[in-house]
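**Student:** Build the full structure now, drawing on both the sequences and the hints.
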Amino acid sequence: GENVEQHPSTLSVQEGDSAVIKCTYSDSASNYFPWYKQELGKGPQLIIDIRSNVGEKKDQRIAVTLNKTAKHFSLHITETQPEDSAVYFCAASGNNDMRFGAGTRLTVKP
Amino acid sequence: NAGVMQNPRHLVRRRGQEARLRCSPMKGHSHVYWYRQLPEEGLKFMVYLQKENIIDESGMPKERFSAEFPKEGPSILRIQQVVRGDSAAYFCASSPSFSNYGYTFGSGTRLTVV
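Chains as they are written, first to last, in our numbering: chain A, 173 to 282; chain B, 59 to 172.
If you are wondering where the hints come from, they were derived from the structure by calculation, not from laboratory data. By construction, the Cβ of each residue, glycine as well, lies at the ideal position given by its N, Cα and C atoms. Just so you know, not all the hints are guaranteed correct.
What the hints assert, rightly or not - Chain A side only, calculated, beta carbon under 8 Å to chain B, not exhaustive:
1. Pro180
2. Asp199
3. Ala201
4. Lys209
5. Gly215
6. Pro216
7. Ile222
8. Phe261
9. Arg271
10. Phe272
11. Gly273
12. Gly275
Said to hold, decoys possible - Pairs of lysine-lysine residues, derived as BS3-like cross-links and limited to a Cα-Cα distance of at most 30 Å, are as follows:
13. A:Lys214 <-> B:Lys102
14. A:Lys209 <-> B:Lys85
15. A:Lys194 <-> B:Lys102
16. B:Lys129 <-> A:Lys214
17. B:Lys102 <-> B:Lys129
18. A:Lys229 <-> B:Lys102
**Tutor:** Here it is in structure tokens:
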């Protein structure tokens, strides 16, 4: 089955700086890569996703890149704000199988 | 559209009791997934169901745990004879098709075994 690794486990940045979270996956059949944000006491919320037929996708301050050859994908948050503080999960999905990374706790210091 | 509804939000059970967790998927979604999350940890896949069928239960413990998604009504995750190690947040997600769409998660049920 799919195995997803996520780094770093914790990340602290100053407000206004950029944050980058990286994930690798093992199953070359995976073709869909969503990112979720989980705030304290809440369920994960989908924030952006990318499919294997594109290399990059951007939505305002959030962007995701995908390198299929290397089997890794990354989340980039620019101009970070305190409300970006949360746990972020990457995931990889192929055939009937979506697996999540262990999560990154992002703290944005004002 | 109410989204994915999970209840109860919090559930306290004594060791040896049964816990029943309910999940109503989003309207139009026929695929349901259950995940367990321990404090400060990630989401661990448990089971994937469609209406009246278990598609993948590879993440679910063989004993004491069961799941169903009947033709009518919510999906149920049932834990029999709970132990302290079952204490966790249990999240349900739904999708309109198999997993190549983003899941919509519920707010979770926080189970505490005392």
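**Student:** Now, for every hint given, state plainly whether the structure supports it.
**Tutor:** Consistency of the hints with the structure:
1. Pro180: Check failed: Cβ of Pro180 of chain A comes no nearer than 14 Å to chain B, outside 8 Å.
2. Asp199: 12 Å, violated
3. Ala201: 11 Å, violated
4. Lys209: 11 Å, violated
5. Gly215: It holds, given that the least Cβ distance between Gly215 of chain A and chain B is near 4 Å, below 8 Å.
6. Pro216: This interface hint holds because 5 Å falls under the 8 Å limit.
7. Ile222: 11 Å, violated
8. Phe261: 6 Å, holds
9. Arg271: Since the shortest Cβ distance to chain B is 6 Å, the answer is holds.
10. Phe272: At 4 Å from the nearest chain B Cβ, Phe272 of chain A passes the 8 Å test, so the hint holds.
11. Gly273: Since chain B brings a Cβ to about 6 Å from Gly273 of chain A, closer than 8 Å, the hint holds.
12. Gly275: 5 Å, holds
13. A:Lys214 <-> B:Lys102: Holds, at about 16 Å.
14. A:Lys209 <-> B:Lys85: 23 Å, holds
15. A:Lys194 <-> B:Lys102: 19 Å, holds
16. B:Lys129 <-> A:Lys214: 28 Å, holds
17. B:Lys102 <-> B:Lys129: 26 Å, holds
18. A:Lys229 <-> B:Lys102: Status holds; Cα separation ~27 Å.
Against the hints set out earlier in the document, violations occur for numbers 1, 2, 3, 4 and 7.
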